[in-house]
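**Student:** Sequence:
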Amino acid sequence: MKTPYLTLFFFLVSFCSTAQKSFQIPDSISNKTYEELITEIDRYKNDSIKLFVYLNTYIEKAKRENNKDRLIVGYRKTLKEFPEEEALKYSDSILTIAQSLNDDVLIGKSYIDKAIIYFRFKNYNKSLSSYLIADKYITEKNDIYTQYKIKYGIANMKSYLGHHQEALDLFTECKNFYGQQEGYNNRLGYLHSLCSMGRSNFRLKNYDVCSQINELGIKESEEEDLSLIHTYFIQSEGINQYQKNNYQKSIKLLSASLPEIIRNEDFVNVAVNYFYLGKDYLKLNNDEKGIAYLQKVDSILQEHDYANLDLRETYEIFINYYKEKGDLENQLLYTNRLLEADKILEKNYKDLVSTIYKEYDTAALIASKDNLEKTLKRNTIISYTVYCFGGLVILVISLLLIRNYKKQKVYKLKYEELIAKTENKETKPEEVVEVTEEATDDLDINQDIIVKILNGLEAFENREGFLNAGINQSALAEDLNTNTSYLSKVINHYKGKNFNSYLNELRVNHAVTLLKNSSVHRRYTIKALAEELGFSNPRSFSDAFFSQTGIKPSYFIKQLEKEPAPLLSA
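Under mature numbering (1 follows the signal peptide of the UniProt record, and there is no 0), the letters of the sequence shown match residues -19 to -1, 1 to 551, in that order.
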């Protein structure tokens, strides 16, 4: 297992003082040749302590002897052992030496080092820029191997952008070139190109071709004991088996490849494994396991602030899953996550396409730009519109549901209060109105006239004269042998309201009693009830009822039907 990056850095800078305590350096180590030290470095590539002892010895030897070529080799051996910032410092040292030697090939290779570091840490824009700078230094030189390294790097960029046929063409060229060469590095180049060809065929839906390539890669990498690339061929076939609907086989292959990919600290491919494992289990109707794996994908993407076109589907699956479950909260959460992923994709894609188009201007790349714009339109603009609108709709629906719930709660309370008030009124004797001298003085009306008007109003209420649609203040005043001024003052003082409010209150109270006692009237339309109660139209009745009770007559009727109250005694 590797020593943590920061520990390794200080370990190297301090000339391996910690390592010397745990690993005794032979006295003869400083006398070893460069070739012997490289042999030891390659031997101990999985033992961080010993690896850095030999690396440091190699670098210090090159410095003492001012051997710049060997110093570059030593620095280059350290690049993959450090986090991005420290690895770039060593690549800068290589570039500085290359520039001091005025060697275009070395300068080009140093930019390839940078490109690989940036790509390893998913900084695709800077990786592409470094490849393009390297290409300018290498193109004029007779260094075919390095030119194919650049071609392989550009193919990776095309694959990331979704131009899979163009990527496949380049990977195939690289495979053919490396396959004709001798040596360990060319062999690795061949196998990596072959693996990438499999992935490109998978994305082009050539699943049988992908399987053939993976089977060949698994066989050849196993024979040569190349465990890491062997693992990636197994992973590739696991993904391919998902598309062939062989879900159990897919799970077996993906699970077998996962530990080595985790050890390689390749968070993107760890997420890819979890993604397809999640989809496998969902297809097998094991939602619990499937969603758990997809949640691991989400955790990785959030931790690394990363997105790509393949893993973007994670959030679409979540949204549809929680939509079916009626889980608005999680639906909204993953809608927002999808929008965040699209922002990352939109930025990365625009920057990458702009650089390729301006600095690597070939006919094929110009044509691919059109395809990319279509992809962007589909994957960003449409997604933003659909999911923003969807998120807004979800939010509005949620607010309306909450508002309706609260309103229904208030209505139910108002209904219960109205029923209780009605029952209380039935059992409580009516208060006797006393006409005092003080009231007589305030109203400036003779006491006998006040009493006469009050008695007349009582008779008017008892005979239900308020149900007469044509009744108004003038007609009632005439009926009580008084004038409208006196009638208005008495109603305002003793009833606490104006004539129209008084009339509406009587009608609404009658409506409440009528509806509570009569199931027949509960089947009336609002219009028919309004006419029977003396209102000029259904709207006036509904508004008066709501103003007095806090609920609509339709709601009151519905609740009575749902929870019939005891009938009033005759």
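Simulated from the structure, these hints should not be mistaken for laboratory data.
Everything numeric in this text was worked out from a predicted model, so none of it was measured.
Careful: at least some of the hints might be erroneous.
SDA-like cross-link-like pairs, simulated, lysine to any residue; straight-line CA separation at most 20 Å [stated by the list, open to error]:
no.	residue 1	residue 2
1	K539	T421
2	K103	V391
3	K230	N187
4	K107	L82
5	K103	Y287
6	K328	K270
7	K58	T127
8	K270	K324
9	K533	K543
10	K478	Y392
11	K304	K328
12	K433	T403
13	K26	N37
14	K328	E294
**Student:** Tell me if the straight-line CA distance from K270 to K324 falls inside 20 Å.
**Tutor:** Status violated; Cα separation ~29 Å.
**Student:** With a cut-off of 20 Å on the C-alpha distance, tell me whether K533 and K543 pass.
**Tutor:** Holds: K533 and K543 sit about 15 Å apart, inside 20 Å.
**Student:** Taken at face value, is the distance from the CA of L82 to the CA of K107 at most 20 Å?
**Tutor:** Given pair K107, L82 is violated - Cα atoms ~25 Å apart, limit 20 Å.
**Student:** Would the pair K26 and N37 pass a check requiring their Cα atoms to be no farther apart than 20 Å?
**Tutor:** The given pair, whose Cα atoms are some 14 Å apart, holds under the 20 Å limit.
**Student:** K103 and Y287: Cα distance at most 20 Å?
**Tutor:** With a Cα-Cα distance of about 8 Å, the restraint between K103 and Y287 holds, given a limit of 20 Å.
**Student:** When you check the alpha-carbon spacing of K328 and E294, does it fall within 20 Å?
**Tutor:** The given pair, whose Cα atoms are some 18 Å apart, holds under the 20 Å limit.
**Student:** Are the Cα positions of K328 and K270 separated by 20 Å at most?
**Tutor:** violated, 33 Å
**Student:** Can the restraint linking K304 and K328 be considered satisfied, given a maximum Cα separation of 20 Å?
**Tutor:** violated, 29 Å
**Student:** Mind checking the alpha carbons of K230 and N187 for me, to see if they're no more than 20 Å apart?
**Tutor:** holds, 18 Å
**Student:** Hint check: K103 vs V391, CA-CA at most 20 Å. Holds or violated?
**Tutor:** violated, 56 Å
**Student:** Holds or violated: are the alpha carbons of K58 and T127 at most 20 Å from each other?
**Tutor:** Holds - the C-alpha atoms of T127 and K58 are around 17 Å apart, at most 20 Å.
**Student:** Under the criterion that the straight-line Cα-Cα distance not exceed 20 Å, is the pair K539, T421 satisfied?
**Tutor:** Violated, at roughly 46 Å.
The structure fails to meet hints 1, 2, 4, 6, 8, 10, 11 and 12 from the earlier list, while all remaining hints are met.
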